[in-house]
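Which chain is which? The protein sequence lines are A and B, in order. Last residue of the first sequence: number 471 in numbering that gives the first Met the number 0, and the count goes up by one each step with no gaps. Last residue of the second sequence: number 536 in numbering that gives the first Met the number 0, and the count goes up by one each step with no gaps.
Worth flagging that the hints you see were computed from the coordinates, not collected in a lab. All C-beta atoms, glycine included, are put in the ideal place defined by N, C-alpha and C. Check each hint, because a few of them may be wrong.
As the list claims (entries may be wrong) - Taking lysine-lysine pairs in the BS3-like style, the calculated list, with each CA pair at most 25 Å apart, reads:
#, chain 1, residue 1, chain 2, residue 2
1, B, LYS101, A, LYS323
2, B, LYS426, B, LYS414
3, B, LYS101, A, LYS197
4, A, LYS40, B, LYS72
Stated by the list, open to error - A short list of chain A residues far from chain B (calculated; beta carbon distances all over 10 Å):
#, residue
5, GLN26
6, THR46
7, SER334
8, VAL365
9, GLY379
10, SER437
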Amino acid sequence: MSKQQLINKIFFSVKNNVETPLKITGQQLLTYSLKDNICVKAEDDKTTCNSSMLWEYKSPFNSTIYDILSKESNLKFIGKTRLDEFAMGSMGINGPNFNPKDVLNPLFPDRVPGGSSSGSAASVSGGLVDFSLGTDTGGSVRLPASWCGTMGFKPSYGKISRYGVVDMAQSLDTVGVISNDIDKIYHVFKLLDQYDPKDTTSLPEELRFRPPQQDLKSEWKIGIPREICIDLCDPIIWNKFEETLHKLLSVPGVTLHPVSIPSLKLSLPIYYTLCPSEVASNLARYDGVRYGSREKNEFEDQDNDTDITLFASTRSKHFGKEVKRRIMLGNHTLSSGSYQNNYLKAQRLRMRLIDEFNSIFQVRNVLMGKTEIKTNSDEGIDFMLVPTSLTPPPKMDDVVKSQTNKQQEENPVTNYMNDFFTVPMSLAGLPTISIPMSLKSNLGVQIVGQYGDDYKVLNFAKNVMINSNVST
Amino acid sequence: MVKFRNIRVSLKTGRFYSTRNEYKLICGLEIHTQLNTDNKLFSLSTNAPFKSLNTPNKHVSHFDASLPGTRPKLNYECVLDALKLALSLNCNVNLNSHFDRKHYFYGDQPQGYQLTQHYSPIATEGYMNLYTDIDTIDTPTKKIGIIQLQLEQDTGISHYDNQEKTTMIDLNRSNVPLIELVTKPDFTTIPQVIAFIKKYQNLVRNLDVSTGNLETGAIRVDVNVSVDTYPRVELKNLPNTSSISNAIKYEYKRQVNIIKQGKASELLNCQETRGWNGKETVKLRSKETTIDYRYMPDPELGCVTLDPSIVQNVRNSLPRSSDDEIRSLMEEPYNLSVKNAKLLCVHNEKNEQYTSIEVKDFYLTSFDLFQKSNAKLSFKEKKIVANWVINELLGNLNKLELSLREIKQSFPPEKFVEFIQLIHDGKISNTGGKTLLFYILNLIKEKSISVELNLPKLVNELKIEVQSTINDDELLSQCKDIIDEVNESDPKLIEAIKLGKRINLLNYLVGIAMKKTRGRVKPTEYQRLFKFLLKIE
């Protein structure tokens, strides 16, 4: 496939030629793409979120992250990339006018790229850009990065500004970086790691720790949670994961420790209670009144409440299936009969999950203030290792078949199960990078650090996992 | 006897039904108040929804229009205003309140939800006291409980064009800060409701947190009306106090009629929302069409966490309550009437000539100066300042359409006290004082620049100085003339005076005499002479 063909499939809009001189004034020039739910203000640039609802939408302002990147003389913006509609999905196939031939995984053409930052991962893995920014709510950077055979980093929640990033679920949404080069991820993250007064959840300056130099630690305690051993996990993944652990053990200074996070098993129900609730709420603004698409009122001649019918026809036409499914799920959770038993319970369980994570790490969570938490700091771990996905990327043909198969479609839970390994870190806001378990493999492993330990995670990934040939 | 008195009281106040025991009226209020902060609740847009009615969508930020990717940022100015109001209403302040999303679709509700404080409002459990003398209610006191105060966003405004069949939406009001206040169902009469609203309006003006106007929608009142233990009916769209009063009256009668006809189980079996069209209440929503608002804590705004010291600082910075001010003005040394004390403490909405604060400042400064230069004033003598400020000065300002601000330059309290001193010392009479005051104010109006006022010179020019050395014979003949004149037109009158029947009649003669001499002679002097001429003791 030619480069131009790749570009056509992966990008919604191309602003600059991908072919550029590699160096300007001695500096290396880096190209990048942005997931199309990140606002860029320009006359012809749209921010569609791959939804019919925003098909012609042009943002009148820039996201903070684009503002930061566009000020760097050695960075060049190429264009906006494909995604699952409103960042909901794990296959990269949700959106209007779905055509299986449009969606591709450059290294594994018969496989789905993974979602929701499908275009971000594909543009990196296809060699079109040096790095890409995506968004990760429950795994949407890590999963496509792993299935496209590249690296995806989800920083601690609140590290990178979300101003101008279209909301899916604010309490979970995190901007992430995808690249084939760990140094580029480090460099870009360091650029974006700054407080933004426009974003209320942006981590305050005093809680940000920027290491003056690389971490010179030579002993690492790695925790493996017992709860990840589940039947649903494909043996291919499991075998590869064990192989990775064996290699890791051969690195001097690395020790492996079993740890327990009992609430890990509850992560999916917690996530699929809270996330759709926020989705239902956030997407209520797409009513066709001020921007985006508006449908003609189907019930115009009738005397009844025209406001309601106008919104209903607009929303039913312009939202896709998965988006509607999550809106319904969320509205059900938030309805007065269900709120106490579902929403509040899920919030409490989320707090418990965070407490359990805090109890296994050696360092304290910077958000917990100075209050002593009960941890066995001598025995606490530095990082946790977990596979990225339950299965290798499915074949596009199988996915298309299941999409047209009524029975399969009625059971979206199967798709949701895929998030089992990525969702816990989203709920706890932990910095996590997914890297291929071997060179260009589409099976990924996640390195998880304590909240705020982003640079430690990146350094470990570079110095131990990559430079010591654990994952190559 | 008691019964008779009750009926008389109720007839007088037009609430015949409210004192009857069989159908008890119960009301609670929900009041929305627009704060007059510079900026909106969660954005930096200008907060001026009423002033910008003619320039729709002028003060709209990306957030106010709910563009994708925008974020709310709490304006703490609004929190400060909420604290002032909460503490003035004796509420418990919640040191960790937070915002919730209340979901419903409407054209002028751009987010698809309103940010409000449903689960954890900023203040709870307060009260306001009403008093019979200050607030004109029919019981000595009435305590109205306040359930909660919450901060929330206002919506945009929809303008319906029936001909074009379109709706125009103005988002200038979108995200304007509101405080919603919910009272307990403690009201049992309409005057209590009206008194509460008026007192609340005065409070928000006193604290300078809102314009407090019902007409502009800065204050919007919903009333919950129920009879006995039947479910409540919420009344909406009540633009002013008279519609509030009329709507409650109408709704009470409607519910009582339903109960009397035995149809309560059918027509009054669930909560209902009704609107007011100026004549009657009409059904808007009932249980079948109730909206489930699907409240959800906002996932990114976090808690509004307050340090206890902030609350204490706000408490210390509060102005004195109007009730306290009124009471202190009614006591020594001022001894004002309730009416006059209220005039100085209750904001007058429409008067452009002077605000109550300006009048109060003018009065208090004048009073202090007057008291300093006159030791040991009697009860009556102390009232001279209030009489001249409230009755004479304000009356003349109204007549001449002058503002207190304008005249203060040439005629400050210092000068005003010099003027009062002339009267107090008997240098000019009351009548002369009135003449002089009007002359001064008119002079200021005509010159319209600051005028140098030399009071003794003016007294001289106007020939109003009381002449203690005036010739007795001249005065006597003058008095004789007056008696003759009166006798000619009404001989019975002089007879009556001679018989000493009514002392007022003597003063009638004195009045005529004073007019003729423009107040230059003390009235007591005339009284003495008339008594002498008519041979009365």
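How the hints compare with the structure:
1. LYS101(B) <-> LYS323(A): holds, 20 Å
2. LYS426(B) <-> LYS414(B): Cα-Cα ~16 Å, so holds.
3. LYS101(B) <-> LYS197(A): holds, 23 Å
4. LYS40(A) <-> LYS72(B): OK: LYS40(A) and LYS72(B) at ~22 Å, within 25 Å.
5. GLN26: holds, 30 Å
6. THR46: Its Cβ does come within 10 Å of chain B, the nearest being 7 Å, so this is violated.
7. SER334: Since the minimum Cβ distance to chain B is about 5 Å, SER334(A) lies within 10 Å and the statement is violated.
8. VAL365: holds, 16 Å
9. GLY379: holds, 28 Å
10. SER437: SER437(A) is indeed farther than 10 Å from all Cβ atoms of chain B, at 38 Å.
The structure is inconsistent with the numbered hints 6 and 7, although it conforms to all the rest.
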